[in-house]
Amino acid sequence: MSGRSGVGGVALVSGAIGKLRTLREEGRAVGMSLEGLRTVPGWVVRVAAGLAGALVLLGAGFHRLGPPAGALVAWLAVLLWAASVVRPREGYVGVLLLLVGLRVLALAPLGVLPLAALLLVAHLTLVLGALAARTPAAAKVEAAVPLRLLRAGWRAQVLAQALALAAQAVTVTSAGGGVWRVAALAAAVALVLVVLPPRRR
Amino acid sequence: MTPPRRWHLTVVGTTTVLAGAVLLLVGAFAGRVDVAVLGALPLLAGARDLLGRPAGAVDLALGPADRPGGDGEVRATLRVEAPRGAVAVLVGLHREGLPGGEVLLAADEPRAVPLVVRTVRTGPIEVATVEAQGVGPGALSVSDAVDPVTRTTLVLPAAAPLRDVPLPTRLRGLTGAHGSRRPGEGGDLRDVHAFAPGDRLRRIDWRVTAHRSPDLAELYVRGEHALAEAVVMLVVDSRDEVGPDPRTWAGLTATRPDDPTSLDVARQAAASVARAFLRGGDRVGLDDLGVLRRPLPPGGGRGQLDRISHALAVTRPEGATRHRIRSPRLPSGALVVVFSTFLDDEAGRAAAAWRQIGHRVVAVDVLPDLRLDHLAGRDAVASRLVLVAREDQLADLHDLGVEVVRWQGDPATALTALARADRRRPGAGVPR
Numbered sequence: 002m003s004g005r006s007g008v009g010g011v012a013l014v015s016g017a018i019g020k021l022r023t024l025r026e027e028g029r030a031v032g033m034s035l036e037g038l039r040t041v042p043g044w045v046v047r048v049a050a051g052l053a054g055a056l057v058l059l060g061a062g063f064h065r066l067g068p069p070a071g072a073l074v075a076w077l078a079v080l081l082w083a084a085s086v087v088r089p090r091e092g093y094v095g096v097l098l099l100l101v102g103l104r105v106l107a108l109a110p111l112g113v114l115p116l117a118a119l120l121l122v123a124h125l126t127l128v129l130g131a132l133a134a135r136t137p138a139a140a141k142v143e144a145a146v147p148l149r150l151l152r153a154g155w156r157a158q159v160l161a162q163a164l165a166l167a168a169q170a171v172t173v174t175s176a177g178g179g180v181w182r183v184a185a186l187a188a189a190v191a192l193v194l195v196v197l198p199p200r201r202r
Numbered sequence: 226m227t228p229p230r231r232w233h234l235t236v237v238g239t240t241t242v243l244a245g246a247v248l249l250l251v252g253a254f255a256g257r258v259d260v261a262v263l264g265a266l267p268l269l270a271g272a273r274d275l276l277g278r279p280a281g282a283v284d285l286a287l288g289p290a291d292r293p294g295g296d297g298e299v300r301a302t303l304r305v306e307a308p309r310g311a312v313a314v315l316v317g318l319h320r321e322g323l324p325g326g327e328v329l330l331a332a333d334e335p336r337a338v339p340l341v342v343r344t345v346r347t348g349p350i351e352v353a354t355v356e357a358q359g360v361g362p363g364a365l366s367v368s369d370a371v372d373p374v375t376r377t378t379l380v381l382p383a384a385a386p387l388r389d390v391p392l393p394t395r396l397r398g399l400t401g402a403h404g405s406r407r408p409g410e411g412g413d414l415r416d417v418h419a420f421a422p423g424d425r426l427r428r429i430d431w432r433v434t435a436h437r438s439p440d441l442a443e444l445y446v447r448g449e450h451a452l453a454e455a456v457v458m459l460v461v462d463s464r465d466e467v468g469p470d471p472r473t474w475a476g477l478t479a480t481r482p483d484d485p486t487s488l489d490v491a492r493q494a495a496a497s498v499a500r501a502f503l504r505g506g507d508r509v510g511l512d513d514l515g516v517l518r519r520p521l522p523p524g525g526g527r528g529q530l531d532r533i534s535h536a537l538a539v540t541r542p543e544g545a546t547r548h549r550i551r552s553p554r555l556p557s558g559a560l561v562v563v564f565s566t567f568l569d570d571e572a573g574r575a576a577a578a579w580r581q582i583g584h585r586v587v588a589v590d591v592l593p594d595l596r597l598d599h600l601a602g603r604d605a606v607a608s609r610l611v612l613v614a615r616e617d618q619l620a621d622l623h624d625l626g627v628e629v630v631r632w633q634g635d636p637a638t639a640l641t642a643l644a645r646a647d648r649r650r651p652g653a654g655v656p657r
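From first to last, the protein sequence lines stand for chains P and G. Counting in the numbering used here, the first sequence runs from 2 upward without gaps. Counting in the numbering used here, the second sequence runs from 226 upward without gaps.
Bear in mind the hints are in silico, worked out from the structure with no lab data behind them. One thing to keep in mind: the hints can contain errors.
[Claimed, not checked] Label pairs and their calculated CB-CB ranges: (1) P/A144 <-> G/G528: 41 to 51 Å; (2) P/A138 <-> G/V613: 40 to 50 Å; (3) G/D594 <-> P/A138: 31 to 41 Å; (4) P/R88 <-> G/D598: 29 to 39 Å; (5) G/D598 <-> P/A138: 39 to 49 Å; (6) P/R152 <-> G/D284: 49 to 59 Å; (7) G/G634 <-> P/R88: 43 to 53 Å; (8) G/L379 <-> P/V45: 31 to 41 Å; (9) P/A144 <-> G/D598: 38 to 48 Å; (10) P/A138 <-> G/D291: 30 to 40 Å; (11) G/R504 <-> P/A138: 43 to 53 Å; (12) G/D291 <-> P/L148: 24 to 34 Å; (13) G/A607 <-> P/E91: 38 to 48 Å.
Built from N, CA and C at the ideal position, the CB exists for glycine as well.
Put together the whole structure using the sequences plus the hints.
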């Protein structure tokens with residue numbers, strides 16, 4: 002009896018191995034390539050996006066959060082970061098940036114230099130995360146694409162840095178912040194209305 | 226009427242913009258400039274991507290494929306043109322439904338990128354199916370997917386070099402590359418005999434004459450064998466095209482495009498044999514067991530090799546297989562080379578019939594190396610039964626005098642072994 006069950010087990014295992022081999026065979030890519038391109042693997046883009054995201058988390062001080070509630074938030078941030086690396090198409094990078102902003106809100110106001118650095122790495126995370134979302138891990142990315150994206154994003158980065166400097170100067174010199182609060186509200190509503198037409202994956 | 230929008234914000238773009246808006250508002254109402262600016266950055270990026278998104282569609286074209294060389298590479302040119310403002314185009318390559326890779330191409334200018342497809346298949350093949358999607362200026366917006374473009378081409382079989390090939394039982398004509406048994410000129414020494422009417426004066430062997438008849442009472446001439454050519458009929462069995470995986474033989478699932486089928490092996494084998502004979506000055510014809518149409522009659526020269534290669538390339542299973550009542554008629558004395566998988570008995574029956582009426586018949590087994598290790602249960606048993614029946618049929622053919630060669634590994638050696646059996650006497654292929 003035990004012999005028969007042993008034979009059955011071997012058959013089951015060999016059947017499973019056969020099915021796995023079949024799946025591997027069926028999923029194998031056929032041999033074709035585009036020539037004459039300088040490319041990097043898609044996973045490199047994901048790793049780069051992950052590194053930038055980790056820098057943002059460090060810059061926002063998640064590693065300094067103490068237990069117990071702080072540790073929970075830190076773990077949530079790490080989870081979001083991992084999700085943004087593994088499933089970049091799902092838009093976790095936006096949620097991660099939101100969490101980073103909320104974390105900064107809980108800290109004392111950032112100085113000029115820390116804010117400038119955080120803006121820089123947050124922008125890098127956003128650009129690389131958006132690129133990773135369009136790049137399957139097994140795909141190849143022409144090296145010119147990330148360079149073009151970074152080059153094209155410098156205006157937004159400079160604008161954000163200038164905005165940060167100006168806003169900090171205004172808050173330091175002016176007594177009341179009511180005016181810029183209304184301006185921020187109007188800008189946010191206008192941008193959201195302009196930017197959010199029907200979305201598509 | 227406004228044209229349909231072709232570019233849209235992605236999920237990443239949407240969540241990023243929403244997160245930015247929330248942060249901007251929270252920062253504004255909390256009086257935190259740093260938080261508000263952190264929110265303004267994604268909003269700016271999203272606004273830039275959406276307002277600067279391209280208006281048109283991505284143009285995609287796949288140019289005609291070059292004829293492949295002997296390395297099995299097919300080349301075509303992929304042309305991609307993205308509208309102004311697009312940063313990249315994601316190009317997806319497929320072949321016969323299987324993935325071939327994805328590349329994110331920079332799209333700042335019209336691109337012409339060489340596409341190289343490595344194929345082991347011959348005949349009419351799909352070079353590639355290409356899909357594309359444009360990526361907006363900040364990678365936060367994308368275009369609708371472009372309609373896929375497909376390109377097919379005809380791949381001629383590449384002939385492998387063969388060292389030596391067997392000859393038919395009878396040779397024809399008075400010219401060619403093979404020595405015949407008939408008296409004539411150009412072949413090996415046949416005999417030395419006394420001069421007789423009809424002998425040419427330049428055939429007189431003065432050395433022998435001086436030795437045998439010093440007084441010149443008798444003149445001796447050297448007799449030679451005539452030269453002759455072989456007539457070879459290649460018979461390809463195109464009724465079935467099976468791959469290495471027996472589960473595809475029922476036709477429910479396609480053979481992978483990087484697996485050679487039996488017809489690919491048959492095309493290559495037939496082209497190789499044809500080239501070997503045609504280079505030797507012989508005449509080669511082609512017939513197909515799978516179709517009822519006029520065969521390509523035996524001929525010689527480079528043009529005949531081109532005709533055979535093209536005819537082989539367009540050979541493929543056509544409709545329901547027809548049962549032949551009698552085997553195709555072939556030129557008398559021709560060497561018959563049958564290329565088949567011998568999975569049913571029709572090709573074997575035809576080979577046996579040709580052998581019985583005196584042709585020398587070589588059966589070339591073109592079944593590719595099978596992958597059986599992943600089969601289990603009924604699939605394994607069915608494959609085993611089919612293969613046992615096939616082995617029996619090949620053994621029967623061997624008993625009938627049909628020489629069986631398997632076209633795997635080094636078929637040139639097997640053909641050379643068959644050819645060496647001819648050399649015991651001139652002018653004969655099979656000394657039986």
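Each hint, compared with the structure:
1. P/A144 <-> G/G528: 41 to 51 Å: 49 Å, holds
2. P/A138 <-> G/V613: 40 to 50 Å: At 45 Å between Cβs, range holds.
3. G/D594 <-> P/A138: 31 to 41 Å: At 33 Å between Cβs, range holds.
4. P/R88 <-> G/D598: 29 to 39 Å: Once the Cβ atoms are compared, 35 Å apart, the range 29 to 39 Å for G/D598 and P/R88 holds.
5. G/D598 <-> P/A138: 39 to 49 Å: Given range 39 to 49 Å: violated, Cβ gap about 29 Å.
6. P/R152 <-> G/D284: 49 to 59 Å: With a Cβ separation near 24 Å, P/R152 and G/D284 fall outside 49 to 59 Å, so the hint is violated.
7. G/G634 <-> P/R88: 43 to 53 Å: Taking Cβ atoms as reference, G/G634 and P/R88 lie about 47 Å apart, which means the hint holds.
8. G/L379 <-> P/V45: 31 to 41 Å: 39 Å, holds
9. P/A144 <-> G/D598: 38 to 48 Å: 41 Å, holds
10. P/A138 <-> G/D291: 30 to 40 Å: 32 Å, holds
11. G/R504 <-> P/A138: 43 to 53 Å: 51 Å, holds
12. G/D291 <-> P/L148: 24 to 34 Å: The hinted range 24 to 34 Å holds for G/D291 and P/L148, with Cβ atoms some 32 Å apart.
13. G/A607 <-> P/E91: 38 to 48 Å: This hint holds: roughly 45 Å between Cβ atoms.
In this structure, the hints that do not hold are numbers 5, 6, in rising order.
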